[in-house]
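Engineer: Sequence:
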Amino acid sequence: MFEIMAEKRPNIVVIIADQFRHDMFSYANGPFKVNTPNIDKLAKKGVMFTNAYSANPTCMPNRASIATGRWPSVHGTRTNGVTFDQNAETFMRTLRRSGYKNYAIGKLHHQSMGWAWEDYQIDEMRLRNPEVLEKIRDSINRGEGDWQSWEDAARHRKEYLSMPKDYYGYDHVDLVVGHGDNPSGHFHHWARSKGVSIDDLAGWKNSTERSETVEDVYISEVPAELHPNAFIVEKFRERLAELKNETDPFLFFISFPDPHHPFAPPKSWFNKWRENEVEIPANFFSHASNSPAHIEAMYGASGKQNIDSTMTWAPTQNQMADVLKAQFAQIEFMDNALGEILSSLEASGKGDDTYVIFSGDHGDLMGEHGLMLKHFVHFDAVTRVPLIITGPGIEPQKDTRLVSSVDIAPTVIELASAEKYRGIQGKDLLSDHTSWRSALVIEEDQPFGIEGLPGPVKIRTLVTEDYRFTVYGGTDQAELYDRSKDRGDLANIYADATTERSEAYERLTHELINLTEEGIAPIAGA
131 MFEIMAEKRP NIVVIIADQF RHDMFSYANG PFKVNTPNID KLAKKGVMFT
181 NAYSANPTCM PNRASIATGR WPSVHGTRTN GVTFDQNAET FMRTLRRSGY
231 KNYAIGKLHH QSMGWAWEDY QIDEMRLRNP EVLEKIRDSI NRGEGDWQSW
281 EDAARHRKEY LSMPKDYYGY DHVDLVVGHG DNPSGHFHHW ARSKGVSIDD
331 LAGWKNSTER SETVEDVYIS EVPAELHPNA FIVEKFRERL AELKNETDPF
381 LFFISFPDPH HPFAPPKSWF NKWRENEVEI PANFFSHASN SPAHIEAMYG
431 ASGKQNIDST MTWAPTQNQM ADVLKAQFAQ IEFMDNALGE ILSSLEASGK
481 GDDTYVIFSG DHGDLMGEHG LMLKHFVHFD AVTRVPLIIT GPGIEPQKDT
531 RLVSSVDIAP TVIELASAEK YRGIQGKDLL SDHTSWRSAL VIEEDQPFGI
581 EGLPGPVKIR TLVTEDYRFT VYGGTDQAEL YDRSKDRGDL ANIYADATTE
631 RSEAYERLTH ELINLTEEGI APIAGA
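For the sequence shown, the numbering used here assigns the number 131 to the initial residue and increments by one for each residue that follows.
It cannot be assumed that every hint is accurate.
Stated by the list, open to error - Now the in silico label distances, taken between C-beta atoms and shown as ranges:
#	residue 1	residue 2	range
1	Tyr-429	Glu-248	39 to 47 Å
2	Ser-632	Pro-167	34 to 42 Å
3	Asp-253	Thr-338	33 to 41 Å
4	Glu-289	Ser-565	23 to 31 Å
5	Ala-284	Ser-439	18 to 26 Å
6	Arg-613	Ser-565	18 to 26 Å
7	Asp-253	Ser-419	32 to 40 Å
8	Arg-256	Ser-432	38 to 46 Å
9	Glu-476	Gly-229	47 to 55 Å
The hints are simulated quantities; they were obtained by calculation from the structure and are not laboratory data.
None of these values were measured; they are calculated from a predicted model.
No residue lacks a Cβ here, since even glycine has one placed at the ideal position from N, Cα and C.
Please work from the sequences and hints to get the whole structure.
Structural biologist: Encoded structure:
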């Protein structure tokens, strides 16, 4: 592939954009006319992996997979709300042991933010998955000093919390808890220190310009200089300045809460889009044939958001236009903040010794197949993410191998020449693997379901060069798309393609067996 050229142990900066799909930047030549010069700059000078997938298209599970190099069924954070094991081996911890100074800035989401379930979700869990409710009650009744409450939004609003040392391997954390224009965490206290009450400006209720038909779309009254993006840039500059005279290498994990919903850009970034027409994705009107019952139910409720507005739904064309305008503004604002971070890194004199890894934790339908958001569907718009690596010795190129978010951890460890720990399932992306994987698995588990797909939900998807195969556990529903002929996943051939179906089941079985836990080593023969 290419040779790592750093003469000394390099610095490493990992940057994650939240809910950012693989083609949401200009250089990717996707369906959206959005201006992202800074992501484009990274893509043009580094290696861009064009077939990168999330191990799980949900925030908490995939963020734990990025940190550990393991699939969610192995590291245990299978769904949002399941606290990431405080003792888990992570690439941050192994770098820390080898002498790196580790910083995290932005949204981590390794623990619950304290959001409540909707009543209908609790009712379904009480009926189908009652033991989960016991865990929920335990969580609600936990003490504020409990390890699981370090990212609790309400707790952070009450007081400034200094995070524990070795928080999953980080020496210092500047935390953002949540999304939009008024998240919690250290951001909340930073904003107050500027002499402004964000609570009086932020949110749908304070906006003077908002969508009347989509709950999570509004133009924020919070100025750009008080937005979480500004907090992230300022804290990066502060921490980088602290390292001016350090000789040991550093690791930064920088995580933007944008462009995750709510779609609430500052006015200064929305002005460009206010009067502009946006182009709806070409396949907005192209619904996949023979779709599973829950996807058909979404189409049947077109224009109506779910009670839980974070769940996948089918917007009208006008609703989608409202969303895209706000979302494009968020993307361009986030890209600008990324540019400030990269410029600060170069100005520090440390840029030449630094590898930068840019990715997303999962995607967003953004109108593909007439749907938006994520959950319960495994179209590429949800499961595929950007993955770009730049740094010493890396030449511009596009890499078409099947890669996963679990590959980030072993890659960082290799770049740092740190000790690899047992149980890593991902692969080092920068080594010259003559035998790379020909298939990968995507997992999704939810403790509740939706119309047409009762909970608890277990979805497993197999992706190969030739097809995408998705199985919904406990049901007779599945999807099979021949990607040699149908790259857009428009014709579900599961019911008719008996030979291909049998081959896909066999392949999926083998891949799932290969994901068996290997982290715990035996200490004796019996």
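Engineer: Confirm or reject each hint.
Structural biologist: Status of the hints after comparison with the structure:
no.	hint	in the structure
1	Tyr-429 <-> Glu-248: 39 to 47 Å	violated, 22 Å
2	Ser-632 <-> Pro-167: 34 to 42 Å	violated, 48 Å
3	Asp-253 <-> Thr-338: 33 to 41 Å	holds, 37 Å
4	Glu-289 <-> Ser-565: 23 to 31 Å	violated, 53 Å
5	Ala-284 <-> Ser-439: 18 to 26 Å	holds, 20 Å
6	Arg-613 <-> Ser-565: 18 to 26 Å	holds, 22 Å
7	Asp-253 <-> Ser-419: 32 to 40 Å	holds, 33 Å
8	Arg-256 <-> Ser-432: 38 to 46 Å	violated, 30 Å
9	Glu-476 <-> Gly-229: 47 to 55 Å	violated, 24 Å
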